[in-house]
Amino acid sequence: MQKAIELSLKGSSEGKGGPFGAVIVKDGKIVGQGHNNVLNSNDPTAHAEIVAIRDACKNLGTFQLSDCELYTSCEPCPMCLGAIYWARPKKVYYANTREDAAEIGFDDAFIYDEIPLPISERKIQMIPLGREEAQKAFKFWVEKQDKTLY
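Residue 150, in my numbering, is where the sequence shown stops; the numbers in between run on with no holes.
Think of the hints as simulated: they come from the structure by calculation, not from any bench.
The structure displayed is predicted, hence computed values, not measured ones.
Careful, some of the hints might be misleading.
Claimed, not checked - With a cut-off of at most 25 angstroms between alpha-carbon atoms, the simulated DSS-like pairs for lysine-lysine come out as follows:
#1 147 / 123
#2 139 / 3
#3 90 / 29
#4 123 / 26
#5 58 / 136
#6 91 / 123
#7 26 / 3
Claimed, not checked - Pair by pair, the computed Cβ-Cβ distance ranges are:
#8 41 / 78: 18 to 26 angstroms
#9 99 / 132: 40 to 48 angstroms
#10 140 / 10: 38 to 46 angstroms
#11 143 / 10: 27 to 35 angstroms
By construction, the Cβ of each residue, glycine as well, lies at the ideal position given by its N, Cα and C atoms.
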């Protein structure tokens with residue numbers, strides 16, 4: 001956890017993004033790490049947890065981190081939580097809470113509120129388009145014999 005906290009200070013002191021850091025550990029060794037890099041990269045998805053997941057997956061040559069643990073300086077936001085579930089680490093440890101983050105200007109409660117709403121009631125308009133054509137790719141996937149499930 002100490003390394004995640006150090007990374008949160010490093011990234012924010014260098015002006016690369018908010019005060020968030022994360023590390024991924026396997027068998028007691030850090031296999032991935034990152035700090036928030038949103039401002040430096042102009043990438044709104046460059047949160048510490050996602051940067052660390054990408055780093056660990058690259059270093060381990062896998063898309064699943066089932067034998068790993070994630071340490072993050074703050075409770076994950078909804079986007080990072082989704083990425084964490086897809087990466088499948090066995091545990092997540094966090095320091096600051098999402099309420100702590102909200103107190104310093106990183107309030108993601110509105111996203112948690114949006115998720116259960118019907119699509120028609122969300123603040124960002126969602127419009128179905130091209131489903132029939134897009135179904136071809138899904139049909140191909142269902143019929144594909146040599147696919148890797150994840």
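How the hints compare with the structure:
Distance restraint check for residue 147 and residue 123: the Cα-Cα separation of roughly 36 angstroms exceeds the 25 angstroms cut-off, and the hinted pair is therefore not satisfied. Distance restraint check for residue 139 and residue 3: the Cα-Cα separation of roughly 45 angstroms exceeds the 25 angstroms cut-off, and the hinted pair is therefore not satisfied. For the given pair, residue 90 sits about 15 angstroms from residue 29 by alpha-carbon distance, which is consistent with the 25 angstroms threshold. For a cut-off of 25 angstroms, the pair hint linking residue 123 to residue 26 is broken: about 40 angstroms separates their Cα positions.
Of the pairs offered as hints, the one joining residue 58 and residue 136 is violated, with about 31 angstroms between alpha carbons and a cut-off of 25 angstroms exceeded. Only pairs whose Cα atoms come within 25 angstroms are accepted, and residue 91 paired with residue 123 is rejected, the gap being roughly 33 angstroms. At roughly 14 angstroms between alpha-carbon atoms, residue 26 and residue 3 fall within 25 angstroms of each other, so this suggested pair holds. At roughly 20 angstroms, the beta carbons of residue 41 and residue 78 sit within the given window of 18 to 26 angstroms.
For the pair residue 99 and residue 132, the supplied restraint of 40 to 48 angstroms holds, since their beta-carbon distance comes to about 44 angstroms. The supplied range of 38 to 46 angstroms is met by residue 140 and residue 10, whose beta-carbon atoms lie about 44 angstroms from each other. Take residue 143 and residue 10: their Cβ atoms lie about 48 angstroms apart, and the range 27 to 35 angstroms is violated.
Violated hints, in rising order: 1, 2, 4, 5, 6 and 11; the structure is consistent with all others.
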